[in-house]
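If you want the building blocks of each chain, they are given just below.
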Amino acid sequence: MQEEHSVSALAGRYPMSFAAVQKHVAVLEHAGLVSKRREGREQLVPGNVNAVLAARRLLDQLEAVWRDRLDRIGEILATDTQNEGADA
Amino acid sequence: MTVISIDKDPGAMTMTIVAEFDAPARRVWEVWANPRQLEKWWGPPTYPATVVDHDLSPGGKVGYFMTGPEGDRHRGWWRILMVDGPHRLEFEDGFADEAGTPDPAMPTTTARVSLSEQPGGGTRMTIETTFPSLEAMEQLIAMGMEEGIGLAVGQIDGLLRAAPNG
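Residue numbers (this note's numbering), protein chains in the order written: chain A, 4 to 91; chain B, 94 to 259.
No lab work stands behind these hints, which were simulated from the structure alone.
One or more of the hints may lead you astray.
Derived CB-CB ranges, DEER-like [said to hold, decoys possible]:
1) B:His180 x A:Asp83: 17 to 25 Å
2) A:Asp74 x B:Arg166: 19 to 27 Å
3) B:Gly104 x A:Thr82: 34 to 42 Å
4) A:Thr84 x B:Pro138: 18 to 26 Å
5) B:Ser209 x A:Ser11: 45 to 53 Å
6) B:Asp148 x A:Asn86: 26 to 34 Å
7) B:Gly178 x A:Glu7: 48 to 56 Å
8) A:Ser11 x B:Pro151: 47 to 55 Å
9) A:Phe21 x B:Ser207: 38 to 46 Å
10) B:Glu185 x A:Arg40: 35 to 43 Å
11) A:Glu45 x B:Asp177: 50 to 58 Å
12) B:Asn127 x A:Glu45: 49 to 57 Å
13) B:Val145 x A:Glu7: 19 to 27 Å
These figures come from a predicted structure and were not determined experimentally.
Just so it is clear, CB atoms sit at the ideal spot from N, CA and C, and this is done for glycine as well.
Using the sequences and the hints given, assemble the complete structure.
Here it is as structure tokens:
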């Protein structure tokens, strides 16, 4: 996690109300990820709480997961060829 | 194996990945239809999968767990929506509790797999994964997307950066 944002700064940056940002943060907190940090009167959260950003990140992660899976499938199929010379 | 294309659409909450394999469709189908083959690739080497139920018929269930480095187990399930071997498979993929019972508090994703034999002899496989809502996506990113592995986002980031292509 690279940076932190204050909840009020996030609400200013995205077209979302302070309450909406707080709700998103609450979802992440509920899921056990985000620990909100207080610094003075500010609530600091990781920089990726915005829903669309989260969606992008998740799709990126899913891409990595599937690329690895497809690599492993490719290896399984390649092993066939080595063992049998040709497909049975 | 060659990845032909990847399409990520945050608005539609869908990722579509297309790959080609140098094998006939019925052989590529085996990696889904044979549980012993499925467990060779579903989980990463650090979290290998063990498939405990495997009923690829409409309404059928596939149950699996992935074992982490500490011996920790993370259970998941598929519910088969549609099957037409060796060309199509659609299923819902979700999280389960320690007994293997689907966890209704956790979001599910839907996967559509299609295989088509190419004129040159290889097989093109398309996998489309769809999320039900942005809230579900937030929840999943919070947990880590390694299919039931409850890693925090920071840990996942580290994992992906450590990967050769990450």
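Original post:
Can the suggested window of 17 to 25 Å be confirmed for the beta-carbon pair His180 (chain B) and Asp83 (chain A)?
Top reply: About 20 Å separates the Cβ atoms of His180 (chain B) and Asp83 (chain A), which means 17 to 25 Å holds.
Subject >> Satisfaction of the hinted span 49 to 57 Å by the C-beta atoms belonging to Asn127 (chain B) and Glu45 (chain A) >> reply: Distance hint for Asn127 (chain B), Glu45 (chain A) holds at roughly 55 Å.
Original post:
Between Gly104 (chain B) and Thr82 (chain A), does the beta-carbon spacing fit 34 to 42 Å?
Top reply: Holds, at about 40 Å.
Original post:
That 48 to 56 Å hint for Gly178 (chain B) and Glu7 (chain A) (C-beta), does it hold up?
Top reply: Roughly 49 Å apart at Cβ, these two residues keep to the hinted range, so it holds.
**OP:** For the range 19 to 27 Å, tell me whether the beta carbons of Asp74 (chain A) and Arg166 (chain B) fit it or not.
**Re:** This hint holds: roughly 24 Å between Cβ atoms.
**OP:** State, for the Cβ atoms of Glu185 (chain B) and Arg40 (chain A), whether the hinted interval 35 to 43 Å holds or is violated.
**Re:** With a Cβ separation near 36 Å, Glu185 (chain B) and Arg40 (chain A) satisfy 35 to 43 Å, so the hint holds.
Original post:
Is it true that the C-beta distance of Ser11 (chain A) to Pro151 (chain B) lies inside 47 to 55 Å, as the hint says?
Top reply: Holds - the Cβ-Cβ distance for Ser11 (chain A) and Pro151 (chain B), about 51 Å, lies within 47 to 55 Å.
Original post:
Holds or violated: 45 to 53 Å for the Cβ distance of Ser209 (chain B) and Ser11 (chain A)?
Top reply: 52 Å, holds
Original post:
Per the hint of 19 to 27 Å, is the separation of the Cβ atoms of Val145 (chain B) and Glu7 (chain A) within bounds?
Top reply: With Cβ atoms ~41 Å apart, the hint is violated.
**OP:** Take a look at whether the Cβ-Cβ distance between Asp148 (chain B) and Asn86 (chain A) falls inside 26 to 34 Å.
**Re:** 29 Å, holds
Original post:
Does the Cβ pair Phe21 (chain A), Ser207 (chain B) satisfy 38 to 46 Å?
Top reply: Hint holds: Cβ distance 45 Å, inside 38 to 46 Å.
Original post:
Using the C-beta atoms of Glu45 (chain A) and Asp177 (chain B), is the stated range 50 to 58 Å upheld?
Top reply: 55 Å, holds
In this structure, the one hint that does not hold is number 13.
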